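*Asks:* So the chains spell out like this:
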Amino acid sequence: MKLITAIVRPGKLDEVKEAVKAAGVVGMTVSEVTGFGRQFGHTEIYRGAEYKVEFVPKSKIEILSDDDVADGIAEAIASAAKTDNVGDGKIWITDVAAVVRIRTGERGTDAI
Amino acid sequence: MDTGDAAWLLTSAALVLFMTPGLALFYGGMDRTRNVLNMLMMNFWCLLIIPIVWVVVGYSLAQSGDSSWIGNLDAAFLRGFSITGEDGGFDLLIVAFLGMFAVITPALISGAVADRMKFSAWAIFAPIWLLLVFAPVFKWVYGGWIADLGALDFAGGTAIHVNAGIAALAAVLVLGKRKGWPGEGHPPHSMPLVMIGAGILWFGWFGFNAGSAAAANGQAVQAFMNTFLAAAAAGLAWAVVEKLRDGHFTNLGAASGIVAGLVAITPAAGFVAGMSPIWIGLIAGVICCFAVGWKTKGGYDDALDVVAVHFVGGLIGSLLIGLFADPVFFGGDFLAGAFYGGGFELLGAQAIGNLATIGYCFVVTTIIMLALKATIGVRVSDEVESSGLDLAEHAETAYSTGGASVG
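If you read the sequences in order, they're chains V and S.
Residue numbers for the first sequence follow numbering that gives the first Met the number 0, so the first one is 0 and each next one is one higher.
Residue numbers for the second sequence follow numbering that gives the first Met the number 0, so the first one is 0 and each next one is one higher.
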């Protein structure tokens, strides 16, 4: 089992959601996060004073999947979230040791 | 008492009360998440303590008696007021109406001392300042020696905005700069709060200015129109200056300009007409926008620009009466401005009244702050300043994201 974690532009979240649903994903978790990568921050101006905002808002997506479909889901996210500009985000896939569905107690791939 | 006048003044008084929560949101949105509740409470504290101080002794010191300098104690504890006498309670209504102004005036100062003043010090400062500074200056301007000069202040440009603005300067000079200022930025945490606060202030200001006619008459109508136009013109001017200077029309620029325009028209609202409010608004919007930059050069950490908006805006409005006052339009018995055939006598009177207010307020506010500093202290610890005043001073958090307190 895999955990697919993706950091994407908040404005691309709807497109990413539709793309992974089309790829067969039945559940995802989304959080509002901030951070920086090569895009770094932006400048805001209040009463003439400039403020460098170094942590940019992003959406963090977490999806659990079976081993064999993880790469396909990552590709679906990448193609939906891509704008070709710095700040498009990142996707990484990690191994998951165990998964439990709380309601039924099912374990492993049955719980995904 | 005319029932129409009473209805309008009762309504106006409630409108002015609503300005203090509006001011709290306007300031609170500009503050940071960890200090927003402290800002709200500094304002709401004025809503708790000032009404009581006002009826016990404040109103009496600010209005009663024939002295040019300070009122007497004849009206303390609301002595002598009645609703069955000839005036039908109108005098009591005036006490309530002016009490709303007494609430918001010290509240204006809170924006300057944001992020670092001990709440206990603020809690004492507000009522003491009301009695030692607001009350005498109010007496000078409305029934004292400044009024005798012929100086005009319709709804509180000198008595309220110049007064609170210069008190803000004196207070921050004793209090000192925030840690990290001016190098470290302190951007607003919620612009939507700032905008709704500005909207509430504008709404309430119709009561502040048009209510100050103390009647439902033509002067109230013109004051209402002036309040409408000056705020729009100043908001426009500030926003355009920022567009030309910084490249964008900003929400904060628009909101700040609206408030600067409202401040500037306050002293003039019942004395100018026609296109004058637009000129007053445009001039105040441009100058106040640039005045925000003075604090960095001057080295005084006026956190939310009380000096630039209230002191500078109030002074501009008060001096411009000397040019734009139009007694013919109002059929009024007051000096005409220089543009309306009156020469410079009125401008001179305006200047003297404001200079005296500035000098007295600065000295006495400094003394109050130094006395607090020497006794209970005026500043929170460095640790509290870093971690935020909301939790340390009030045991509350503005924006809970779940955790132990939920459930």
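Worth flagging that the hints you see were computed from the coordinates, not collected in a lab.
Note that the structure is a prediction, hence the values are computed from the model and not measured.
Worth double-checking, as some hints may not be accurate.
Stated by the list, open to error - Here chain V is said to cover these stretches of chain S; the calculated rule only asks that three of the stretch's residues, wherever they fall, bring their Cβ under 8 Å from a Cβ of chain V:
id: 1; region: 109–123
id: 2; region: 175–187
id: 3; region: 248–261
In this text, a Cβ means the ideal position worked out from N, Cα and C, and glycines have one as well.
*Asks:* Check the structure against each numbered hint from earlier and tell me which ones fail, lowest number first.
*Replies:* 1
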